[in-house]
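Protein chains: 2
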Amino acid sequence: MASQPVATDTPTNEFDRATAVRPNLEPDRFTATIDPGWTVGTKPNGGYLLAMAARAAGVALGHGGSPHRDPLSATAHFLRAPDPGPTEIRTEVLRSGRSASQVRASLWQSQACCVDATFTMGTLPDPPVAAPFWSDNAPVDLAPIDQCVLMPSSRPGSEMTVSIMDRCQLRLDPADLGFATGSPSGRGELRGWMTLADGRPLDALALLFVADALPPATFEVVMSGWVPTLSLSVAVRAIPAPGPVRIRQAVGSIDDGRFDEVCEIWDGEGRLVAQATQLAAIRLPPDASAAT
Amino acid sequence: MASQPVATDTPTNEFDRATAVRPNLEPDRFTATIDPGWTVGTKPNGGYLLAMAARAAGVALGHGGSPHRDPLSATAHFLRAPDPGPTEIRTEVLRSGRSASQVRASLWQSQACCVDATFTMGTLPDPPVAAPFWSDNAPVDLAPIDQCVLMPSSRPGSEMTVSIMDRCQLRLDPADLGFATGSPSGRGELRGWMTLADGRPLDALALLFVADALPPATFEVVMSGWVPTLSLSVAVRAIPAPGPVRIRQAVGSIDDGRFDEVCEIWDGEGRLVAQATQLAAIRLPPDASAAT
Chain X
1 MASQPVATDT
11 PTNEFDRATA
21 VRPNLEPDRF
31 TATIDPGWTV
41 GTKPNGGYLL
51 AMAARAAGVA
61 LGHGGSPHRD
71 PLSATAHFLR
81 APDPGPTEIR
91 TEVLRSGRSA
101 SQVRASLWQS
111 QACCVDATFT
121 MGTLPDPPVA
131 APFWSDNAPV
141 DLAPIDQCVL
151 MPSSRPGSEM
161 TVSIMDRCQL
171 RLDPADLGFA
181 TGSPSGRGEL
191 RGWMTLADGR
201 PLDALALLFV
211 ADALPPATFE
221 VVMSGWVPTL
231 SLSVAVRAIP
241 APGPVRIRQA
251 VGSIDDGRFD
261 EVCEIWDGEG
271 RLVAQATQLA
281 AIRLPPDASA
291 AT
Chain E
1001 MASQPVATDT
1011 PTNEFDRATA
1021 VRPNLEPDRF
1031 TATIDPGWTV
1041 GTKPNGGYLL
1051 AMAARAAGVA
1061 LGHGGSPHRD
1071 PLSATAHFLR
1081 APDPGPTEIR
1091 TEVLRSGRSA
1101 SQVRASLWQS
1111 QACCVDATFT
1121 MGTLPDPPVA
1131 APFWSDNAPV
1141 DLAPIDQCVL
1151 MPSSRPGSEM
1161 TVSIMDRCQL
1171 RLDPADLGFA
1181 TGSPSGRGEL
1191 RGWMTLADGR
1201 PLDALALLFV
1211 ADALPPATFE
1221 VVMSGWVPTL
1231 SLSVAVRAIP
1241 APGPVRIRQA
1251 VGSIDDGRFD
1261 EVCEIWDGEG
1271 RLVAQATQLA
1281 AIRLPPDASA
1291 AT
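In the order they appear, the protein sequences are chains X and E.
Each residue of the first sequence is one higher than the one before, counting from 1 in our numbering.
Each residue of the second sequence is one higher than the one before, counting from 1001 in our numbering.
Quick caveat, the hints were computed from the structure, so don't treat them as lab data.
For each residue, glycine too, the CB sits at the ideal point set by N, CA and C.
Heads up, a few of these hints could be off.
[What the hints assert, rightly or not] With beta-carbon atoms standing in for the labels, derived distance ranges:
1. R1017/E - G199/X: 52 to 60 Å
2. L25/X - S1154/E: 50 to 58 Å
3. G1037/E - D166/X: 54 to 62 Å
4. D1126/E - P285/X: 39 to 47 Å
Kindly produce the complete structure, drawing on both the sequences and the hints.
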């Protein structure tokens, strides 16, 4: 059988395909497919799910005539990790405003709510306005991109495949790679460069993925098992200039089985384009001690 | 008429009284009264509203038998500023789990949603476990409390009354008070000490208020009008030791009419007890320039 022509509305890049939402019978519900290529181990990446929910939020706003498609602020609570496969996204436009609108979007699988997200949506200038009015947030200092180390999706000796590392190109500063050889630096910080693997430019939706795509910065403090995200908040500040972004992810404190982590993202022109915080759970071995 | 005895279930402190929620006809709905004493100008403080919503979330969980009362992670989007007076809080338990539960709570007035909040709730150890496993977040360095300056609720020459400053005692480092004399430092940072005015100890609920009680740190960059919060995310990490907490609030960047601000709170023993981020809108005069 001859190959079929690609429909013009089929996205030609991995991110847009994997976050696509399809209308459902009800105008505030969407169906989507959680792609097995955007996982950490067997579970989908949280930032990827947040981007999918944000896309549905933007489409729901469009049904009411609102032009807002960019998540200015995205907050999510993670209830259960869904599996790759079909999912339903339920949206509710809370307010459609002139400069900003608010939408709730929750992701369901097997009749259970897996992710509950809320968005303040707007329209970010593209290209951005000339320069920020003021910033105290200088881009993180790190090694040039060609001296940073590309993170693979799988490593010899590791059982876990991190398939999102085939979707993006994440290059970490060699000074922050102690975890890879079992010798964490003790600084609780990871610094790196990122692009999407197929070259799709980073926009507001893709930054939601980028804000949760690094390994946990706790890896540079103590080796642990799976660190499930409890909640994730991302402020998208500007559309990045073309090219790789710089990322700094750093732990605040590890206390009572949870840790907080800040992720900051700058574009090639040094502008802060996103700032994120997450609270995650961490299970430490009984005899664990922190690297110093 | 003789004074009535105080009912035993009437809270004896200002914070618990002002955030009290009463059961409604439906088990997932509550009524409450937004107290005019917790305002900035004529509008209620956002952290105060978030604490009220969190209290309703905990009561809603209790209806289902869950013991979770402490907001581990609170996220809110602010749609409209309500007025002091009656409000309805609508809750939805999204998941009731063993170590954490998720609840949505929205605050309504005049049939309009004003605040939409979601909480990951749990139980923080009280008193806290011995010490954090690891922290990179040393308490902010600031002047001793007796050298800091108590913020008044009203100032000569200012039209606005900040009534929350009568509910708490906020003492700011004199080095960060340039804004008070029209000479911002240009550092975009405020550091201070806080207690509740009536001595009520700070717990997880009260920290939600504390995390949004400082003036905007943009005051130390540029004088502006009202800076409405778009979204606020607070991670509560531990119950504070008795006594005043230290607070640092700092601007990330002011860009395209919005700014992000981080607020960190430490107790008297130096433990990080809360970390918050907010995105707010700022309207700058056309000829505004940033202090340096």
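Hints and how they fare:
no., hint, in the structure
1, R1017/E - G199/X: 52 to 60 Å, "holds (58 Å)"
2, L25/X - S1154/E: 50 to 58 Å, "holds (56 Å)"
3, G1037/E - D166/X: 54 to 62 Å, "holds (56 Å)"
4, D1126/E - P285/X: 39 to 47 Å, "violated (26 Å)"
Violated hint: 4 only; the structure is consistent with all others.
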